[in-house]
Amino acid sequence: MDRPAHPSWILGPSPSLSGGSSQQSNSEVASTTFRIPYELCDSIIDLLREDRRALCACSLVHRAWLPKARYWLYKHVRINSTNKAKFQVVLTSNAALGDNIERLTIFARFPHHPFEWDKFLQSVTPHMPRLTRLEIHAGYLKDPKSFQYLTTIRTLQLKGTCIESEATRLAWLRSIPQVEELKFWKIRLIGSSPIAASDYPLLFNLKSVKVHGARSGASNFLNYISPDVIRRIQRFDYGHLARQPFLDSWFHNIAATLEHLAFTSTWYSGNPSDQVLIHCTRLRSLEYSMGWNPDSEKSTAGILWTLRTVASPSLTVLRFNLLVDDRRVYDHKLSISDRPALLAMLLSPKFASLERLSFHLSIIDFRMDGCEPPLLADLRALLPDLNTRGILALSSEPAPKLAAPKGPTMVLETEESSPGKE
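For any residue, its number in my numbering is found by taking its place in the sequence shown, counting from 1, and adding 42.
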């Protein structure tokens, strides 16, 4: 299916509305046919880019794909077990479609057969020369060559994925030397195999890493990246901190050059964040997610501890994400403890370079009554100067549901409505 040389949306007047015979000659139709200008058509499609049904309708005018509609339809493709075979057929029979795909999301929960999703990746990725982002949810991947055609990848995200061994993952990383961002969340390594120095990946463009806990299988690969490469990492999400986190040598190499750090902690008796923050002396951005302690006298203990431990003198962005219960929020059972200490710390010279201070509430069993949580009003009253200068940002939303969402599927045309080749 070739791309039209002069793509435009051709519209012909309805015979029943034009007053003429329904049996119009070809010359009569040609004389009354008009075209929407190419630029206007592209603008219309840009406005419809989130409406897949409208895009499909635009794409099927005179059974010819409009390039702009095709671009939006295939820019981000979502695949699961029910549509992957159909996608393979569409992609391999319409070579031009693969040029539009920039992001591929795979929900690989089923099937669990060995090499099933490995074969799929090796089949479709050669047809995606502009693919820059790959996300795989769940699945079991075994073949070290699964990523051999993914040299254009800039972002790789694996979540809940089972991998044959660390050697397999390192082989994948060697296949994507241009990668800039890695996200490994709840990774499970099935087996083990020897790893030689020649297996270490050289990821000179790597700038951002997100893992689920530094001691989980998600972060093992960092032990096999050279210090020269790892010092280039600027953004790091540590995931959940253990009560007494063990810091590998790779973290000591990474900490001194980090510009952004994020982590989650739910410990109240003693704070593990100090063991992490004291090594990060060049941070410009810090994001701390925590569960809010139900004991009012300890409500801000985690926040104060974190503020006192920050070692970077150039912090410009500070964000606290707080998971709270709506009964405590709206019944005024949740308050700021030790207000003078919190105020003095935030207004001290240590945080004079702050440009944004954010408090975000994720509220369990959110009450949709439109009222602002009293806690946010208290923070605004406590920090009037920061609020006036536009530095203070306060927000709230319902906490994400614990149930796993059902993966979306990609809309593919049926045989009757699919565009024909020109």
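If you are wondering where the hints come from, they were derived from the structure by calculation, not from laboratory data. The structure displayed is predicted, hence computed values, not measured ones. Virtual Cβ for every residue (Gly too), placed ideally from N, Cα, C. It cannot be assumed that every hint is accurate.
[What the hints assert, rightly or not] Cut-off 16 Å, straight-line C-alpha distance, at most; resulting in silico cross-link-like pairs (EDC-like, lysine to aspartate or glutamate):
1. K184 to E223
2. K249 to E208
3. K392 to D367
4. K201 to D279
5. K126 to E92
6. K252 to E222
7. K184 to D160
8. K126 to D160
9. K128 to D93
10. K187 to E144
11. K184 to E222
12. K126 to D93
13. K117 to D93
14. K117 to D141
15. K117 to E158
16. K252 to E177
17. K252 to E301
18. K117 to D160
19. K249 to E223
20. K228 to D185
21. K249 to E222
22. K225 to D270
23. K184 to E208
24. K187 to E208
25. K249 to D270
26. K117 to E92
27. K228 to E208
28. K252 to D270
29. K187 to D241
30. K225 to E158
31. K117 to E177
32. K228 to E177
33. K187 to E158
34. K252 to E329
[As the list claims (entries may be wrong)] Per label pair, the in silico range of CB-to-CB distance:
35. H294 to A238: 43 to 49 Å
36. P355 to A435: 20 to 26 Å
37. Q164 to T299: 34 to 40 Å
38. S240 to S377: 22 to 28 Å
39. Q220 to C413: 56 to 62 Å
40. I378 to R274: 24 to 30 Å
Item to check | Broken hints, by number | outcome: Numbers 1, 2, 3, 5, 9, 10, 11, 12, 15, 18, 20, 22, 28, 30, 35, 38, 39 and 40 - these are the hints that the structure violates, sorted from lowest upward.
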